[in-house]
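Hey, can you work out the whole structure from these sequences and the hints?
There are 2 protein chains.
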Amino acid sequence: MAARYEQIAAELRDEILAGVHLVGSQLPSEAELAARYSAARGTVRQAVAILAAEGLIGSRQGARRIVLGGERSQSFAELHSFAQWARSKGHAVGGQVLAQRRRRAASAESVRLGSAEVLEVLRLRTLEGEPVLLERTVYASWIASAVEGLPSDCESVTQALYDRVGLVFAYGEHLIDAIAAGTEDARLLGVRRGSPLLRQRRITTTQEGRPVELSDDRYRAGSVAFSIRNSIGANPLTRLALP
Amino acid sequence: MAARYEQIAAELRDEILAGVHLVGSQLPSEAELAARYSAARGTVRQAVAILAAEGLIGSRQGARRIVLGGERSQSFAELHSFAQWARSKGHAVGGQVLAQRRRRAASAESVRLGSAEVLEVLRLRTLEGEPVLLERTVYASWIASAVEGLPSDCESVTQALYDRVGLVFAYGEHLIDAIAAGTEDARLLGVRRGSPLLRQRRITTTQEGRPVELSDDRYRAGSVAFSIRNSIGANPLTRLALP
DNA sequence: TAGGGGAACTTGTACAAACAAGGCCAGACC
DNA sequence: GGTCTGGCCTTGTTTGTACAAGTTCCCCTA
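Protein chains in written order, with this note's numbering: chain C, 1 to 243; chain B, 1 to 243.
Be a bit skeptical, because a hint or two may be false.
No copy labels: a pair is met if it fits in one copy or bridges any two.
Subject to a maximum C-alpha distance of 25 angstroms in a straight line, what follows is the list of computed SDA-like cross-link-like pairs (lysine to any residue) [said to hold, decoys possible]:
no., residue 1, residue 2
1, Lys89, Arg202
2, Lys89, Ala2
3, Lys89, Ala108
4, Lys89, Ala146
5, Lys89, Arg201
Quick caveat, the hints were computed from the structure, so don't treat them as lab data.
In structure tokens, the structure reads:
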């Protein structure tokens with residue numbers, strides 16, 4: 001059972017996406033919404049704060065909230081899990097582990113992951129059958145055996161780890177830039193050496209702040225872009241497929 | 001005068017960055033903080049919500065909040081304004097308008113900006129004297145004359161527009177991907193044709209939802225990366241310079 | 001000693017009330 | 001006709017209270 005303010009947020013979001021509240025128009029005042037949902041004003045404020053963080057509505061003190069529009073973003077799950085994002089967008093997703101081995105952590109890795117031994121995995125992910133993403137991931141030793149137990153063509157590692165050991169990826173730090181494809185990148189992704197790739201390096205931790213993985217993901221140019229909707233207060237992020 | 005919860009958030013942030021609360025350790029409980037700052041628990045909750053959104057601390061119901069991390073992110077201003085970001089990081093920033101003209105809006109532009117005529121500006125930005133960013137920006141007609149009034153080597157357009165006409169960029173939508181440098185890109189940025197560039201396309205609007213500009217920014221690879229710190233609840237974003 | 005059961009603690013949710021700050025509009029005034 | 005002002009509306013901030021839900025840890029029991 002979701003919280004009351006989440007229910008209200010969901011109803012308002014649906015109304016906006018359904019066109020009940022047109023883009024550019026004013027949302028009902030907090031007092032009206034509170035009356036409509038028989039909730040306190042504070043509860044309504046929590047609800048609209050969610051929508052504002054999603055970039056769906058804007059607000060200024062003194063004036064009514066304005067519908068800014070368009071699509072919403074699920075943000076975190078989408079950013080973290082390639083498979084979850086792809087499936088939610090209706091894409092056919094595939095994956096294959098190409099190499100996997102345990103080794104001693106390099107010094108930078110051991111500092112960031114907090115473990116001396118790591119599990120290194122090289123995965124190739126496909127979208128509609130086309131290779132689009134090369135993942136070089138290093139897992140901390142405490143989660144390594146669970147990762148080794150996954151099938152080599154596991155679609156969603158995030159989902160599988162949640163189902164098997166209850167692991168939740170709660171926080172992530174991502175670094176996004178562009179680089180030229182190296183020899184191995186080019187061969188596996190089916191592009192020419194030196195062609196542009198979109199690189200996402202990330203470290204993910206659990207809710208307690210324990211590091212789980214360190215990853216270097218490389219997307220073929222033209223296949224995927226990152227989309228960020230931000231406002232003065234908040235900055236959600238999603239990933240989009242290019243036509 | 002900032003709000004009380006902002007002051008508390010700032011103090012806590014400073015304490016965390018100063019090492020008073022070590023990474024991985026527990027933050028004082030809401031009740032303790034409320035007593036310390038002589039504020040209500042609700043006010044303290046607003047303060048810690050800010051830090052959680054910045055990715056600085058994590059929280060789970062029932063357990064004390066945990067200090068997750070290191071640097072904080074100013075997020076919006078940094079994402080939007082190249083100059084503001086660069087200056088805050090201590091970089092020497094420069095800029096030059098290479099071309100500027102009014103023209104009729106293409107159909108896609110007129111739909112997104114809501115104006116039939118637009119001002120097109122081509123700007124080259126430098127970091128420590130090196131060209132790193134090529135901006136192709138299209139402004140809506142209602143702001144065009146203010147932009148034309150700016151000096152051609154204006155460092156921060158965002159700041160200048162705020163100072164002159166009180167314009168505040170409140171919402172942005174950004175699309176980040178990698179592309180190969182075209183002939184003009186390569187010449188102006190001083191790289192070889194076909195070498196990778198990090199592209200950021202964005203549309204920015206005011207607080208009322210009025211579109212201001214549409215831009216296509218291209219960064220030389222290796223000069224700048226985007227950094228995103230996200231949590232289940234929130235996703236701030238910053239930009240980082242590479243060594 | 002290992003495990004279970006609670007009690008105490010902590011964060012999450014919800015409600016109510018009051019005042020501050022800023023926007024909006026209509027009516028008064030020049 | 002244009003402008004200005006004042007009142008009303010709406011959002012922002014703060015406090016207080018109460019209960020729900022999850023975590024932690026100690027103590028007691030088997």
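Can you give me the call for lysine 89 and alanine 2, within, between, both or neither, at a CA distance of at most 25 angstroms? within (24 angstroms within a copy, 42 angstroms between copies)
Same-copy or cross-copy closeness of lysine 89 to arginine 202 [CA-CA at most 25 angstroms]: So lysine 89 and arginine 202 pass the 25 angstroms test inside a copy (22 angstroms) and across (22 angstroms) alike.
Check lysine 89 against alanine 146 for me: Cα-Cα at most 25 angstroms, and say if that holds within a copy, between copies, both or neither. neither (28 angstroms within a copy, 41 angstroms between copies)
Is it within, between, both or neither when you check lysine 89 against arginine 201 at 25 angstroms Cα-Cα? both (23 angstroms within a copy, 21 angstroms between copies)
How would you label the pair lysine 89, alanine 108 (within, between, both, or neither) given a Cα cut-off of 25 angstroms? between (36 angstroms within a copy, 24 angstroms between copies)
Hint compliance for this structure: hint 4 alone is broken.
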